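Please construct the entire structure, taking both the sequences and the accompanying hints into account.
Protein chains in written order, with our numbering: chain A, 1 to 265; chain B, 266 to 632; chain C, 633 to 935.
The set of hints was computed from the structure by calculation and includes no laboratory data. It should be emphasised that the depicted structure is a prediction, and the values quoted were computed from it without experimental measurement. A virtual CB, placed ideally from N, CA and C, is assigned to each residue, including glycine. Not one of these hints is a red herring.
Now the stretches of chain C that chain B is said to cover, found in silico as 3 or more residues with beta-carbon under 8 Å:
id	segment
1	667-680
2	798-807
3	884-893
What follows is the residue order along each chain.
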Amino acid sequence: MNAMPQAIQAAPLLRVSGLTKWYGQIIGCRDVAFELRPGEVLGIVGESGSGKTTLLNCISGRLPPSSGSVEFDTARFGLADIYSLNEPDRRRMQREEWGFVHQNPRDGLRMRASGGANVAEPLMNLGGRHYGKMRQATIDWLERVELDTRRIDHKPRQFSGGMQQRIQVARNLIHGPRLVFMDEPTGGLDVSVQARLLDLLRELVRDLDLAVIIVTHDMAVARLMADRLMVMKGGLVVETGLTDQVLDDPQHPYSQLLVSSVLQI
Amino acid sequence: MAYVAVKGGEAAISNAHRWLAEDRRGDQAVPEIQVDQVREQLSLAVDRVMSEGSCYDRDLAALAVKQSRGDLPEAIFLMRAYRTTLPRFGASLPVETANMAVRRRISAAFKDIPGGQVLGPTFDYTHRLLDFTLAANGEAPAAALEAEEPQAYPMATVASVFDQENLLETDAPSAEASEPFDLTREPMSFPAGRDQRLQALARGDEGFLLSLAYSSQRGWGNTHPLCAEIRLGEVAVEFTPDELGFPIEIGDLTLTECHMISTGAAGLERPPQFARGYGVTFGHCERKAMSMAIVDRALRDAEEIETAAPVQDQEFVLYHSDNVEASGFVQHLKLPHYVDFQADLQLIRRLRREWFAREAALKEAAE
Amino acid sequence: MNAGSNAPERYYNYAYLDEQTKRMIRRAILKALAIPGYQVPFGSREMPVPYGWGTGGIQLTAALIGPDDVYKCIDQGADDTTNAVSIRRFFAQVADVAVTEDTGEATIIQTRHRIPEKPLKAGQVLVFQVPQPEPLRGLEPRETETRAMHAYEEYGLQYVSLYESVATYGRIASTVGYPTMIDERYLMNPSPIPKFDNPKLDDNDAILLFGAGREKRIYAVPPNTRVRSLDFEDHPFETQTWDDACALCGAGDSYLDEVVLDDAGQRMFVCSDSHYCAERRAAGHAGPMAGHQLATPETEPAQ
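In structure tokens form, the structure reads like this:
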């Protein structure tokens with residue numbers, strides 16, 4: 001473990017410690033701590049109300065926690081607590097280095113702008129000023145997420161739900177983020193559409209060597225996507241481990257219950 | 266060569282002003298209307314101009330109505346432009362409407378309330394039939410009968426009825442209770458506090474607020490309002506001059522005040538209560554006061570729930586309620602825009618050229 | 633000055649606004665100059681002209697003007713358009729100030745929709761009347777949203793709109809009020825000037841002040857500030873050009889108004905900047921229709 005290459009590999013991309021969020025008297029999540037390495041996919045699983053979405057929002061800079069810290073290896077400031085950055089810096093870092101795929105494409109897309117413009121926007125945010133090059137990059141990405149490039153100027157509502165989600169994925173990957181958050185990315189879709197999108201996501205994540213934190217209530221999604229799992233219940237992390245470990249040999253009774261439900265699918 | 270320029274306006278402006286004055290006067294064979302006639306006989310027009318013009322002066326408002334030829338938003342604009350130049354001596358104490366000398370007071374919440382229902386001078390329950398005796402320069406109206414007993418004074422407010430059970434929320438002044446926001450000195454800012462909202466609504470256009478209130482009744486942000494009380498009458502204005510250090514009465518105002526109540530002020534922190542919306546105007550502007558109270562109530566929803574309807578949207582309501590702003594901006598479209606239009610013309614001609622060129626190329630390719 | 637023109641002084645303060653209000657506006661101007669392109673909220677007053685007709689510009693002028701100033705007022709580039717005449721008269725009356733049509737001679741120039749063709753000098757102030765100060769308003773109606781976008785310098789929405797314009801029209805189709813970036817920090821609406829005038833904003837020697845009365849905002853571009861019109865490298869910013877020159881003075885470098893001569897398609901193009909055109913004609917320049925009586929301004933009856 002002391003060899004140099006491993007030490008470098010061990011440098012965390014994200015470090016969460018003592019993260020707690022209260023809503024008045026009600027607990028959102030409590031004392032969550034973990035590290036995420038570059039290229040690693042972490043699944044956060046649990047039923048609705050387990051605190052997984054609260055946790056995701058706290059980690060992704062969208063909901064200040066009551067206590068604890070979220071450190072990220074930023075390009076400009078090195079490893080820094082994201083909530084101690086001033087707001088413009090934090091938002092800039094989020095734009096430049098992160099992606100966020102929402103469950104509902106409406107929350108992640110500009111519904112009044114064309115699909116192509118939605119995909120190109122992060123490039124413009126990063127200072128892209130060559131229309132032709134950005135147009136080409138957009139076309140490349142539409143191909144990559146398997147959308148008809150002739151529909152580049154169509155509005156999102158002219159696409160099906162699954163296609164909208166592909167646009168959202170392209171929009172969140174085109175600028176080369178180092179960390180992508182996904183909140184039930186296949187949540188609202190038909191089973192067959194879900195399966196195809198999952199395949200695509202898994203491929204992209206592997207090819208791009210992306211670090212991902214994915215929230216899902218669906219154990220099948222977790223098994224397909226995640227290297228590691230955190231099981232949440234009542235705002236607490238009740239079990240954590242490698243995906244295969246947790247799913248094949250769950251220790252906590254709640255994990256056992258969750259896993260048994262996946263077998264029925 | 267029929268081009269008549271909008272340029273060269275000096276003489277045109279002067280002459281247009283003369284023509285306007287002529288039109289205002291109308292047929293010279295008809296006696297000129299006097300400002301005191303407007304003040305006494307078009308008193309509700311005067312009241313509206315004072316309210317939305319934010320300046321309590323019946324004579325000036327009557328003058329504005331006369332000068333504007335009965336165009337009330339124009340008269341309101343005249344009042345505002347005059348008001349803005351007045352020096353400020355300070356702020357009065359809050360007027361106490363509980364001590365109002367009541368001429369009209371009704372409640373739709375209770376059949377009878379302390380002080381009783383007082384119908385007063387109202388169009389309600391009149392049949393809207395044109396009265397041709399007025400056209401014939403009719404006889405003096407019969408005097409209304411005086412009550413045998415004088416009105417209770419001060420007349421208890423409907424709020425006092427609820428006090429026993431604490432059923433109605435109280436309008437607690439805000440914690441920091443500093444100087445109230447002054448919309449005439451500071452620009453609107455969001456989220457808007459209730460003081461800012463009520464000021465904007467008090468100055469807001471009656472028609473706009475009426476339609477907003479109506480929209481909420483029809484389900485665009487329903488607040489289920491109930492008219493707890495409307496009162497009309499005179500209140501004393503008190504002012505504390507620095508030299509004296511104690512308040513003195515400096516005059517009376519006629520006010521219309523309306524309290525709308527509705528359910529929905531329930532929260533985890535406090536027991537369920539009725540919430541209220543508040544409306545107040547100078548003079549007798551009942552339609553406006555009621556509309557204002559409903560809109561105030563609807564805007565208070567936005568403090569707690571996610572905005573759903575136009576009437577609950579602070580920015581939408583407050584930015585668009587002022588008729589002086591709205592009227593100016595809509596009518597500024599009359600100003601010349603030929604520089605802008607020239608730019609549009611150029612663009613559309615260019616786009617058309619390109620379109621035809623493309624079509625021609627396609628046709629050629631097809632042949 | 634005759635006594636008549638001074639009459640309002642009996643009722644109103646010098647330059648109409650009271651001194652407290654002027655101080656408040658001057659503070660807003662200083663703040664605007666300190667943060668180029670940032671929209672400073674101010675306690676805009678009701679003015680005796682309607683909102684949308686120059687109340688912002690008038691308040692800026694009123695806060696700045698003094699008896700030694702020389703005032704010029706233009707609308708659509710011309711000194712003799714009705715609203716320019718009306719505003720110029722207002723200041724001649726309430727500020728007892730010398731007025732001029734000469735761009736070079738003026739100390740304060742109030743304008744609607746144009747920047748004069750003649751380059752401005754240090755010491756001059758150009759006051760723009762602004763109907764809508766927010767460059768993003770057409771894309772996002774909420775003030776709370778757009779203020780946040782400026783604060784965080786999040787202008788993705790603006791770029792998206794330019795991108796879509798190129799995708800739809802093959803070019804950035806915006807022609808007036810073309811969005812500008814001030815000192816690489818704040819996105820600014822240059823007021824509805826044609827994009828022809830945008831290059832004049834950049835590195836200008838004069839002070840450029842923008843006043844929006846109804847929207848209650850003041851913003852500024854201090855002298856010699858970098859003003860960049862947004863564009864793409866492969867669709868660079870370009871200004872309008874004409875095939876014609878001014879029919880009266882022959883100028884080929886000015887913004888032209890189209891004058892329809894009849895309903896059979898006959899038209900002529902003339903300088904929108906009336907003083908620029910007149911000065912050129914006085915200097916002997918002539919266009920193909922030189923001497924054509926463009927409009928016959930009725931002369932004011934002698935008083």
